[in-house]
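Engineer: Chains as they are written, first to last, in the numbering used here: chain A, 1 to 504; chain B, 1001 to 1689; chain C, 2001 to 2526; chain D, 3001 to 3100; chain E, 4001 to 4172.
Read the hints as simulated data drawn from the structure, not as lab findings. All values derive from a computational prediction rather than experimental measurement. All C-beta atoms, glycine included, are put in the ideal place defined by N, C-alpha and C.
Listing some non-contacts, in silico: residues in chain E with all C-beta distances to chain D over 10 Å:
id, residue
1, A4124
2, G4125
3, N4126
4, A4127
5, E4128
Simulated crosslink set (DSS-like; lysine-lysine; CA at most 25 Å straight-line):
id, chain 1, residue 1, chain 2, residue 2
6, C, K2462, B, K1111
7, C, K2471, B, K1021
8, B, K1598, B, K1385
9, B, K1021, B, K1160
10, B, K1160, C, K2462
11, D, K3099, E, K4088
12, B, K1111, C, K2471
13, B, K1160, B, K1378
14, B, K1575, B, K1424
15, B, K1111, B, K1021
16, B, K1384, B, K1598
17, B, K1160, B, K1626
18, C, K2112, A, K459
19, A, K459, A, K372
20, D, K3099, A, K372
21, B, K1049, B, K1059
22, B, K1160, B, K1111
23, B, K1598, B, K1378
24, B, K1021, C, K2462
25, D, K3099, E, K4090
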Amino acid sequence: MESLGINYHAILPETITASVAVLIMMIDAVARKIERRVAGAMSLLGLIAAAVAVVSLWGRNGETSFKGMIITDDFRLFFAMIFLVVTFLTVLISLRWVEDESLPTGEYFALLMFATTGMLFMSAANDLVMIFLGLEITSISTYVLCGYRRHDLRSNESAMKYFILGSFSTAFLLYGIAFIYGASYSPAAQPVATTNLQLIKERIVAGQLFSDQMLLAGAAMMIVGFGFKVATAPFHVWSPDVYEGAPTPVTAFLSTGSKAAAFAAFSRVFILTFAATSFAVSTGALHTLQSAITNALVVMAILTMTIGNLAAIVQSNIKRMLAYSSIAHAGYALIGVVANDWRAVAFYMLSYVLINLGAFGIIQVIARRGDKRVEISDYAGIGFQSLGLASALSLFLLSLAGIPLTGGFMAKLLIFKSAWAGGFHALVVIAVINSAISWYYYLRVIVAMFFAEPAAGFKRPPVARSMAAAIALALLGTLYLGILPGRVLDTLERARDQMSQARK
Amino acid sequence: MLVAIILAPLVGAAILGLFGKRMGERLIGLIACSTVAVSAILSFYVFFKHHAELEQGQKFYDYMFTWISVGSFRADASLVLDSLSAIYILFITFVAFWIHVFATGYMHGDKGYWRFFAYMNLFMFSMLTLVLADNFLMMFVGWEGVGLCSYLLIGYYFTKDFANDAAKKAFVVNRIGDFGFALGVMLLFSKAGTVSYFDDPARGIHGAFNWAMAQGADPLAWSAIFAGGITTIAVLLFVGATGKSAQLPLYVWLPDAMAGPTPVSALIHAATMVTAGVYMVSRASSIYMNAPTAMLIMAIIGAATALFAATIGLAQWDIKKVLAYSTISQLGYMFLACGVGAFGAGIFHVFTHAFFKALLFLGSGSVILGMHHEQDMKRMGGLKKYMPVTCATMLVGWLAISGVPLLSGFFSKDEILFSSFTTKVLPGSWPTVLWAIGAISALLTAVYMTRLMVLTFWGRERFGSSESAPAVHSAPGDHEHHSASPRESPASMVIPLVVLAIGAALAGYAGVPEGLSGGRIPNYFERLLEPSISHSGQTVGAAKVATEPIPPVAHEAVLQSGHATPAENHGLELKLTLISSIIAILGIGLGWVWFNRKPLWEPPSLLEHKYYVDEVYDAAIVQPIKQSSTSILWKIIDVHIIDGGVNGAGYLASLLGGILRRLQSGLARSYVAVLVFGALLLIGYFAIR
Amino acid sequence: MGEHILTIITLLPLVGAIALLLIGRGAKPNEGVLKRTALLFSLATFVVSLALPIGFSKDAGLQFETNVEWINAFNLGVRYHVAIDGLSLWLVILTTFLVPLALLSSWNSIHKRQREFLVSMLALETGMLGVFVAMDMFLFYLFWEVMLVPMYFLIGVWGGERRIYAAVKFVIYTVVGSLLMLAGIIALYYYHGSATLNYTFDIATITNDVTTGALALNPTTQSWLFWAFALAFLIKVPLFPFHTWLPDAHVEAPTAGSVILAGVLLKMGTYGLMRFNLPIFPDAAHQWAVLISSLAVVGIIYGALVAMVQPDLKKLVAYSSVSHLGFVVLGIFSFTDQGMQGALYQMLNHGVSTGALFIIVGMIYDRRHTRLIAEFGGLASVMPIFSTFFMVVTLSSIALPLLNGFVGEFLILLGTFNSTLLPHARLFASLAAIGMILSAVYMLWMYQRVVFGEVRNPSNLKLADLNLREKLVLVPFAFLVLAMGVYPSLFLSRTAQTIQLIKERITPTAELATEARRSTVGIEER
Amino acid sequence: MVPLSWYLGLSALLFTIGAVGVFIKRNAITIFLCIELMLNAVNLTLVSLSGFFGDVGGQLFVFIVMTVAAAEAAVGLAIIISIFRNRESLNVDEVDTLKL
Amino acid sequence: MQAEKVLFIIFAVIALASALNILLQRSPLYGALSLIGTLLALSALYMTVRAQFIAAVQIVVYAGAIMVLFVFVIMLLNVPKDQPQIEKQKGLRYLAVPFAGLLIAEMFFVLRPIRLSTLPPIPAGNAEQAVGTTWSIGTALFTDYLLPFEVTSVLILMAVVGAMVLARREGD
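In isolation and in its complexed conformation, chain A is listed as follows (with noise of 0.2 Å):
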């Protein structure tokens, strides 16, 4: 009876946030309602915990525990940082929305935790079951969360539109994994067939497959499975429905957490397993793969940043555009994944985050109580009222938009870098085009904001204090993103290497 490769410490993160969201459940059901505060105050610590925990498994490369079924590399932790990250902003942002809306808050916080559960198990999966056991908490609690406020029809609709096609495109995803595991049998081997990543990555090279066709429809549907869930043309559709349906830090949650662990899984698969061989020396059925793989997701990533700005050029909801913003980026952040270079990939995944929440932050600040003020039209003016806000949602904007000194602008750097290495030069013209034309409705809010006279009876809204925060720290992170990447990137590089040499 060998091993169980039980550790308790490799996961550790994800042990704490899911007792923290359970603890917190018991708090609400023994104490019949539990204080927001508490609630707040449990998840933040919970998170810092995980986040001491993540550190404390720092510089373990390719350990993997469970069987196989968790590793434990720079990878899955620099990801768990931004999961952990985003929770944490998330969890700022609505501290005071869930009792101004007097939704009920011990769920909404546990269910919060939950999700980020799914997504560290994401980052941390080393097997397909992982993966999809981790995207499946992640997915139903953040169905739940798009339908959280019950009597709103816009969040019923956006949770159904968001139940139905998640669910489906689960099962697209699914069944890849089933090609998959078939494609993986080989009678010498043992286990004779393995949904493991690194086995499955091994048979692939070796070249021992059992059908190299349900590989690669495999990959094709798994590829439908991800690119659902990052939102990447055609594939896409739900985001626009779902973001502006659900309440406004729910769908800050979406747009960065569950996008980042589906990019984090799909550089998983794509990136570490299937192009483990760089693509020039790959032969056979690796070949095939990779180039088909490549081929398509080119296509994808040009679809995706096209429609994305096209559409939210004519956008007149500040959320629906933003959403159609975020599938852009799905569509920057997807050159780094054909690039194979997962560290532009985190690295964007990090500062689109951090723009993303503070931006999505301060729309909630403008928006009030039941997502009253979300029409741009609404911003008229606001700019001079209510400087600070105005100033800093125009800086997360032109970030998004690529500015220097900001992390945007880092992250399209090296995505575009790394593609051009890889030779995709046209790729990179068509982002760089795509980005100009993103300027456009960028701006747009800040003419707004801004140039336009202010609409009448527009008066500050209160800024509650844990909004504050989180704004400042989204504001600060992506500064300091833009200015002193230094050290993110010194993380990331050295990650690369070691993981290099453990893959050795």
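With chain A fixed as given, assemble chains B, C, D and E onto it according to the hints.
Structural biologist: Chains B, C, D and E alone, transformed into the frame defined by chain A:
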């Protein structure tokens, strides 16, 4: 020393420009005149001090600083004195001084008094710079500077639109000339590698003229103009000259320029600035001597202008316009002279012309003032008893310009006609033709000048009566417009008249053609100029010289050999002189008889309307450009095509966005369909691999 | 201090901006204090920057260098590398010179959001200075983009009626270009890195490696990169077909904005051409010279003709800028000392003259709140001093000798005329020289319609002449106009060496091509 | 012996039916049923694969899929209920306020 | 050896028929019931590949629990029959055929080369340890799949919470 000559007026201009507003007329006048006087005195001083050396062709440099020095290009802010520039500054400063004096009286009571004199002094500075410059770029400084001052002074009465239009016209037309001049200078630089006139070892500068003389003579052929050789340079420079010196086809600005105060017309548009072209051409004579084609063109243009302007001059009613066209015509003479290689004669005519034309203008100014700012000769007549001095002085000018023997005009004009008849530069029958044209214009000159005098000073008094034709616009000023009886001008104006009259009478004796004295008295003027300008005789020599630059000494030798007019020409010269004297007398006689009989004789309207040249220019050039710029370039290309394209791109983007938007139907099922579709494509693509 | 002077100069305005944000927060801010603070900071910047030309050595390359590591991960090799050479020296001074005057000129013409206005101005100054001193492509791009924001706000908030359209147009135009440039920068970075195994954004390094041949880009790549950069710069210049953002931006922007826009921003384009396109892509530069020069010439004449018929003063000046900048581009692509020095000099001239022109237009706009030429006429009678200054500036912009404009324009024409590397150089020069005539036409015509003639419009009858502040603003301009015209050596001598270098960079490669062309086409040998 | 491909073929058919069902049916619950059908199709694939491979992994995967399905069912039905409370209808075509 | 094929075909037909019936049925209730049919057929097929445990779970959990939940909800909501059947975008149903066709075609194209028609031999002696038996599943579940198994508990818990939040009535 030279620096002082040009700076004195500049200082004056600066003082007047900055503080003049608070000064009294007397002080202003004092400053203005004294500064000019200073340069005049200095000019005379240097001239006589260095007279001998100048005759030897020695040059005196006055280096201030290196103005522009980029790469191999170098243009110094430095001055040079040689016989040519020496003569020029002499009469410029002299005439200018007296005109300033005159102006102190003429401009009396004008509220822009200080402004006027500031401009005048500034002009003197520019003019002297132009003349004393030792390289083409410095000359260009003066060249444009005088242009500016003429612009400012023509538009002096800035509330009057016609004055402003005239000023603008003058500047723009001159710019067209400068266009050619600038290109010429550039081409010269690209060929000779320098824009300086002469070698100056002290500064390590090579002269363009030595280079020019080192080149053989270009062939006499139209193709040479576009060959990009020395001929091209010469032609381009000449374009500049036609602008500045109001030759065909760029003369149009000069008549309008009369909108300025009369002293301005006298100083700038008669005596000095307009002759800058002639100066430049003579300065570059060593270039021209190797560009026979350019010479021919210059001669033809000159002659044509002389005749053309003379005919128009016959038919003008505005006293100043008559003088203006006469000036154009006389300038034509000067270019004719240069064109036939007699640069000396050209300069000589410039010299004499400066006196009598300045005199005539000032005279007309005195008349105008006496007539209370009336310029229309239809309203004059019989003024000699009101303003005797003016009349007397103008009489001298009249006879001088008409070429009556023993007056200045006679000598210079005669010299020109003679050399155009005997020139070796021009081929075939050109000399005779040109001579003929020159002679005819001489006749006409005599006629229209006589007409002017008769209409002004003799005959019935037509002023104060309303029966005359409607007045041409009269120069303004703060004198209110009443028709009191005319009166003689104050001393400040009369004295200059007298002085200039004397000048006009005697100036000619500076250069008595040898022929007249049968070669006994050498032509002082020409001998003085000899070193500074290449002589017609030299073309042959220079053409023969091998292409490597010849040392200055040898060059001088060539000049010496070339210059002396052969003895057998003396006879011919006498004959021609006789003819031209007859022409002059004839012309005066004709005019006198005819215009005493019918002073208000209506000339052919073609002439009265100056051949409609202005109208043609306006219709053929000005309007089309304006119209097309507005309607095509701006309204269509800019607004519609380019901007339309830009906005169109934006529109397209939002259009596509709209389409994508419509795809977002809001129906979950349709989204599912899209998902399936995408999945089908992906799986299909992957499966087929 | 010494080695950080550029950093100080660059950041001083930003410090000022921050200071402004802090002064009198909450309490109703005293505008006078704000304005004086802003002016103080910009003046201080100017004073400090004067140390540059004084300490500048004519025959050293990059000077006042600060070069520290910034982002090194992923061998990005981004450095904080600032320095100046002959190319940037005077542009820096021009910037620091114009900003205080611009502030002073719009002392009383800003009626809302004074604080924000001043902040934007100072931030803008930092951006512009950064562009000129940056010696690292990353840094350069950074300033290039960031500077957009304050300009965008200047136009959008304090502009005229169609300000929003103008502002957005301005930004989009620029961004399209600059993002292509970003792609170019990345590509260049990558090619240089993979060729020399030294991944860096450092301009100097890359330029040298190009010269030494360590980085040899094949012609097609060069052309692509060349255009990636050139488009960004040509849009900014703006060269003929890309110019339509300029009139709108100028007309809508407030006076100070126009001054800076015309005075400095446009120069960034030409500066970029000389900093990047010529030294780094010599072959491509030579290959495309004819096309660009033709566009430049078209722009010169086109701009002049369109300017001639503009009814709006600012529009007229804007189109005249198109014409003048055409000269600059032509000079740059003549690849001769005279041409390029002239171009550089013309940048300064245009900065001074056009800056002054906009200030002057602003002055009468403040009085009459209109810029239509037809509204004016006869100002000479009511505002003589104003008219005098106006005259001086007008003359300088029609390139009268002994005024600054002439030196630049003549050198450009001379250089172009004598260029051996630019095909059909003489044709280009001759056509461009027509611009000399046209500029006289439209400027003098404009001047005449505004200043001369009777006062026909009664509302002009009692216009106040310039007050002390306005005189203070204009005197420096007038002085420079004269000084730069009379003694250009002061400026040119400091730029000579750098230009020489650029020329040497472009000559060897191009010479071959020229020879080839000569032998084939057989152009007449000089 | 029944070849593996038959099982896979059958599951493909079922999966297709489910997928099609999702976008032609309008009743939310029916749509949900179709999704369940798709999951089952996948299960069939997994089970048959693991059976033929003699590898237990597939069946465990199925086991987990079932749990997930259960969870999805719970949440999904809850969503349907909450939406029905507000709209009194299960027709997804009526739920299209969020569009464009 | 035909017996297995026959069995397979029978159950396959049942599965397909009842699956199709879901699409044909108007009311969700019948749909649910026919889905149960499919599930049963599938569990039978599971048996044919020696997946006894899963087959059992299929019936117990799926047919037993999940579908009951469905039926329960359907009853709970009991949609009025006379509800107007609004259908926007009728085009979709015409898409059904081509999409279905394509999907099937692609799948078959992918599965075409698969040649495997014999189940692996049962290890002699310990038949109860063969793949698919409760023993094998159990051991695997608590060794290799320990973590997933634990995580599913999190999943379930979260699902419960979520369902509660959304479905519970006001007041409580």
